[in-house]
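Novice: Letter by letter, the chains look like this.
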Amino acid sequence: MDKIWYVRSSKRKGGPFTEEELIRLIRQEIIDEEYEIWNPEMKGWMKLVDSVYSFYIPEKENEE
Amino acid sequence: MVNKLPEKLLLLRKHFGFSQQEIADKMGVNVVEYMGWENGRSICNLAQFKRLSSIFQISLDDMLKNSADIPLPNLSLEDSIQIPFMKDSEAKDIEIPSMVNPQKPKVNMEATAQIKRVSEVEKKPQEQPKPQNTIHRVDINQKPTKKSKSNKKLFAIIGGVIGAIVLVAGIFWLLNMNKGNGGLSLKLSQANRLSTTEKFTVYIRDDQKVAIYGQGITMTDFTDLVKISAYKDSVVGLKSDGTLVAAGSNTNGQLDIKKIEKAVDVSLGAKHTAVALEDGKVTCVGDNSQGACNVDAWENIVDVEAGNGFTIGIDSTGNVKVAGSVTNSSSMESIKSVKSVSIGTNEVAFLNTSQTVTTVSYTGATATNVSTLKNITQVAVGNGFVAGLGSDGKVQIVTTNEDLKKSVEAWTGIGVISAYNNTLVGFTTTGKMVGAGDNQYNQYTNEAESTTKEKLEKVKNLQVSYDKSKVKLTWDKVEGADYYEVSIDTSPVYTAKAVDNTLTIDQSKLVDGQKYVITIIAASNTDKELNSEVYSVDFSYTAPTAEPTATPAFTLTIKYVYDDNVNANIYQDYVMTYNVGDTYRVESPKIDGYEALRTVVEGTMGSKNEEITVRYKAKPAPTPTPPTPTPEVTPVPPPTDPGTGGTGGDNNG
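Listed in order, the protein sequences are those of chains A and B. Going by full-length UniProt numbering, the first residue of the first sequence is number 1, and it counts up by one from there. Going by full-length UniProt numbering, the first residue of the second sequence is number 1, and it counts up by one from there.
Worth double-checking, as some hints may not be accurate.
With a Cα cut of at most 30 angstroms, we get these calculated DSBU-like pairs of lysine-lysine [as the list claims (entries may be wrong)]: (1) 50/B to 43/A; (2) 608/B to 13/A; (3) 3/A to 50/B; (4) 281/B to 13/A.
The set of hints was computed from the structure by calculation and includes no laboratory data. None of these values were measured; they are calculated from a predicted model.
Work the whole structure out from these sequences, hints included.
Specialist: Below is the structure:
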């Protein structure tokens, strides 16, 4: 699988990652809602939360 | 997080009139898997998102957005197939996008239709504009901090380009007006280039004059033709300037076409002639006793077919119109996404944009089951058979006549077909005639039988992408090609032989800002096939900036290995990139039965890539059997926020 995904937030940039790695990082919350994602076939950065990959963000448990 | 993909897929699929099975076929997946995406059970991967964006003619960005509020493409029947082959004179308005997105340069030669937002389409469905073609964008590296300045420059450039185009268009218009013939400049294509009828066949040769086979009729002034249509003992031709010419029997006034101008399509029926005009209207001459000419209200028509007492029109969105007294007209009008139509002896065949065929009987006879026809680019209907020209240049035919089937399925390299009653004729892309079935009047000869060499298909769909210091060219694979000859008009000229349908070129061979012409020929090592025609595409090279913002600064790699063997990974590497001076802090994953000799890796990123190894040693075994690390164990993920405590460990990096 090609390493094509890049991520960035106000603090960090990361990549390139494979799609599998990107999904793992999202699931592990290493990449969270503050991040944007991009690959070279996209026109621009996209907020993770606005993308279909937000599907992989773990659901937050309700805080009592 | 609400998954909007199902809503988006449903919207796009309905917009194009595809079934779930059709999309699944196009995607190369089982329909159950596709249904999973559309009902939210599962989500597709990036490659599948790319394929979907191609099928639905939207950008990858729009496809990846978790939103159903996306631009819907106009349903143009021609955009996706014509633009990649645009001739130089047509390829004039390459756009430069706004410089706001950090990315590597990329050229996409595919065409896109101009698009409308969903809300606009819903409000004014009847006001869809005629499709317009634009060349896709040439993207270059962009810097977000210079957005407004870049935009001003960009607007100035675009303004200048638009002004120049308007000026050229105005001069063109004036020149054409002086010709006094309506000013059209239609091109010869395979569409309606061949027409066979009861006693003869007519075919427009490459010199745009007509060749006639069988019991001939006198045809004068049949020159400069782009389309031709024959019926019984009459024939009508469309010239490149949009005027018409006719010959043969005119008992019903169906050949009174001399006053018609600005025609873009013509079809001769039994007693009338239907003509599609440049403005999307249809005009009709001849017998109207059955209402075949009640077409005044039709709009946006791009294709017409005239039958015996009825007319069928296809509009620019693929909708069907029927005029005249004919059985099952409402069934015909319910068919969507139609690309072209063919009228046979008892049934009508509609070729749709998914390259399959739908048949409707208009005499009460049972329509032919054409579900086996796939990847069809043209369709021709006779008496009891439906033939489809496949994208591979072979003809697929549904018929109970085994001899006919056997003859037709042996044809290769076919570029156009036509049928009448029990006859099917075709021409190869090299201009050789083939025919099968009834040949009582010698309406065909099998010229291609002795031809052993067929020309390879022309290369299409060149994509240009950038990878570090390389430019990568990729194009559609040509069946039968053993290699491809690629050349670029650099100085000196760059030539290369590519075994596969891809080629990588060092960017140092190209000059920033220079325009080039890339040509590709598909070639064969065998004697069976000739090289393809030359595929030629204009290409503007823009060198990438030295350090794209998307390119990371430096990479930190942490390897997690067994203490006794550095080559054996105990856990997947941690890879993250940081700017110089960034601090990082990564907790080592916890692995059952093992303990990390360094629980946290932290530091400040220097000006080079860093690789650190964290070793794990087995804990003392509580039982005779030492624990085994299992992949199911979920380690504590490294924190995203650096500098929040923790302890250091042995640094083996």
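Novice: Each of the hints needs a verdict: does it hold here or not?
Specialist: Hint check results:
The suggested pairing of residue 50/B with residue 43/A holds, with an alpha-carbon distance near 13 angstroms, which does not exceed 30 angstroms. Distance restraint check for residue 608/B and residue 13/A: the Cα-Cα separation of roughly 15 angstroms lies within the 30 angstroms cut-off, and the hinted pair is therefore satisfied. This hinted pair checks out: residue 3/A and residue 50/B have alpha carbons roughly 16 angstroms apart, not beyond 30 angstroms. For the proposed pair residue 281/B and residue 13/A, the alpha carbon gap of about 56 angstroms is over 30 angstroms, so the pair is violated.
This entry does not satisfy hint 4, going by the numbered hints stated previously; all others are met.
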